[in-house]
Structures are given as structure tokens and as C-alpha cells.
Amino acid sequence: MQLRTSIAISLTAALVACAVLGSLIWTHAAANFKSPQLDGTKIQSAAPEPEVALIDEDGRSFRLTGKRGKEVVLFFGYAHCPDVCPATLAKLAQADHSLGSQAGNVTVAFVTVDPQRDTISALKRYVGLFDPRFYGLTGSPKALGTFYSVYHVWHQKLPNHGSAAGYLMAHSSSIYMLDRDGHLRVIHDWSDSPAVLAHDMKALME
Amino acid sequence: MNRTIVTTVACLGLSLAWTAAAGPPFAANAWSRPAIDTGVVYVTLINNSSRADELVAAKTPLAHHVEFHESTSTSGPMGRMASMHRVRYIAVPAHGRAVLRPGGYHIMLIGLKSSLRAGTTFPLQLDFEHAGWTTTRVAVRATG
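These protein sequences, in sequence, are chains E and C. Under our numbering, the first residue of the first sequence is numbered 408, with each subsequent residue one higher. Under our numbering, the first residue of the second sequence is numbered -6, with each subsequent residue one higher.
Note that these hints are calculated values from the structure, not bench results. Model, not experiment: these values are computed from the prediction. Cβ atoms here follow ideal geometry from the backbone N, Cα and C, with glycine treated the same way. Just to be clear, a hint being listed does not mean it is correct.
[What the hints assert, rightly or not] Residues of chain C clear of chain E, computed beta-carbon distances all greater than 12 Å: (1) N22; (2) D30; (3) S68; (4) G89; (5) G96; (6) A124.
[Unchecked claim] Straight-line distance between alpha carbons at most 30 Å, and here's what the computed DSSO-like set of lysine-lysine pairs gives: (7) E:K564 to C:K52; (8) C:K52 to E:K531; (9) E:K449 to E:K477; (10) C:K106 to E:K564.
[Stated by the list, open to error] These stretches of chain E come out as covered by chain C in the derived footprint (C-beta under 8 Å, 3 or more residues): (11) 489 to 495; (12) 530 to 540; (13) 563 to 570; (14) 588 to 597.
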């Protein structure tokens, strides 16, 4: 009788242990399944996107709040930049095209740090070189200032070292990826490969 | 008589091969991106000779000004930051090469007379301090 009881207790304990372990594994697996596996620097930001309106390459108002439901990729630069900015936009175009049937689902926006020279028409011609679906954004000094501060974008006009290009700009070279709720989720550097960028664009869409 | 001819031809061949191997610096894989006002050229400069050289000037009929610039990247409290400055020359070491690529040294085309379209090519003349002028063709590519 005692033996039976102890066997029963052992069996129950084993079953409970199995159930607990099983549920733990299941919970872990479910958690992994739900949160995207991102390659870039992950950001846990609950802060919403800036409310202010910028102006797009067609002169229309552009608000990030108006893009809810779509993932957004932001990059800050200037149209006179010959090296880092076009390299980044070319990579983002490559990354987007590699998404196949999902290409064009992510909003890609280039925000100027040089509103003095980057007019609406200059931005339209510039982003159009890479993908006509890309946005080229400028805005009032106040609206742009809000955008820069929300994403901690640093920029500075550099002294002209005798260049015919006029002045050059130094600027943050990060790529910011926002989820469909407008939360900043992951940051990449401009030097990351199109494959890495595409991976996280896809992960955010899943 | 035959032996003299053979020897002469062999010597000529060898000297030609030597000239090709140890000649002035030359440009390989020159490429550019689509652009409207300001363009870029990336290129590998190869120097097989025992004398170091410097790329000191460049010109193309497509741009009003051609300059050499270097992009630099620094880590800051808010991620990485890209900057750029003009350089007067680009050194090409003896028996070595200088690789101009995105994020480093590059040739900047300022004031393009016509926009650069993917799939086209254009000539670029490069002036080396010792070797003088040489011409290469630049391919405009949409990716990279």
C-alpha cells in the first residue's frame, strides 16, 4: 500500500515536472516566435514618433503618425553628399528590392540635414535616383529640429577646406527602423550590408 | 643569324613584359553611381613599380571640378557619425595599391554638366606626380 502510494506520488511529481518543463519550453518558443529576431542594435522604445509634419519631395505634408500600419526606415543626410548618403540609399534600394513580393511595403525616407540647399525639387531628383518610392523630406527649422532631437541626430556644417563643393556636412550615419506602431525598434549603421538591412526590414514586417 | 634574331626577339619580349609589369600606376575597376549635381568615382590604383607615386589631379569633361576627399567615421554618444574632408593627393605606395571605396578615399565630381545614368560610362583622366597623365573609363552602376 505504502509502495503504491509512493509510486503514485513519484508519478504525479514526474508528470507535474514534465508539464512545468513543457510549458516553460512552449512559452519560450512562443516568445521567440512572436518577437522578431533583429540583427541591428535593438531599441526598446515606447516613445511615439514625432507628431510634427515635414514636407515631402512633392511638397506634400508628411507625418510619421500618418504612416501607422507600415514599417518606416529613416536616414538623415544631404543631397550634395557624394559618398556615404548615396551608398546608404543604394543599399536601402537593394535591400527593399530583395524583399520580392514585399518590396515597397516599407516606407523609406531620407531626411535632409541641409535644408538650406536641399530644396523640395532637389530632394525629388536626388531620392528618385535610387527609388522613386523613397521619400525626400525637408521642413521648417522647428519641425526638422524636432525630428533630429527625437532620433538624436547630430549634424554640423563643416568649414570649407577650399573645396568647390561649398560647405560639407558631418552627420549621424545611422539607419533607424520603426515598427508599424511608430516605435523605433532597431538601428543600423550605413556601412551594414543590404542583406543585413533586408533581414531586419523583413523581421519587422513579420 | 637565326640565333641573333631569336635573341633580339626574346630580349624585346622580355623588356616589353618588364615595362608592362613595372610601368606607371594604372587604374582598375573605376565605377560611379547615378548622380545629378555631385558625383563620385571609386577606383583601385595599382603601382607595380619600385617608385612610390601620388595621384595629384583628375579631370573629366563631365564635371566642372574634380577633387579628392576622404570620408571618416567616428563613434559618438549617439551612434556613428560620418564626416568628410578634402585631401590634396592620394599616395600610391611602391609595389602597392590605393583602393578608393565607399566610406574612405573617393574622387568627387563637382558641378556635373550632365547627370550620370546607370549603365553608361565616361572618361576620367588621372595625373600622377611622377608618371603623369593616364586615362581610364568609369562605369556608372546603380548598386554597390
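*When the hints from earlier in the document are held up against this structure, which numbers fail?*
2, 3, 5
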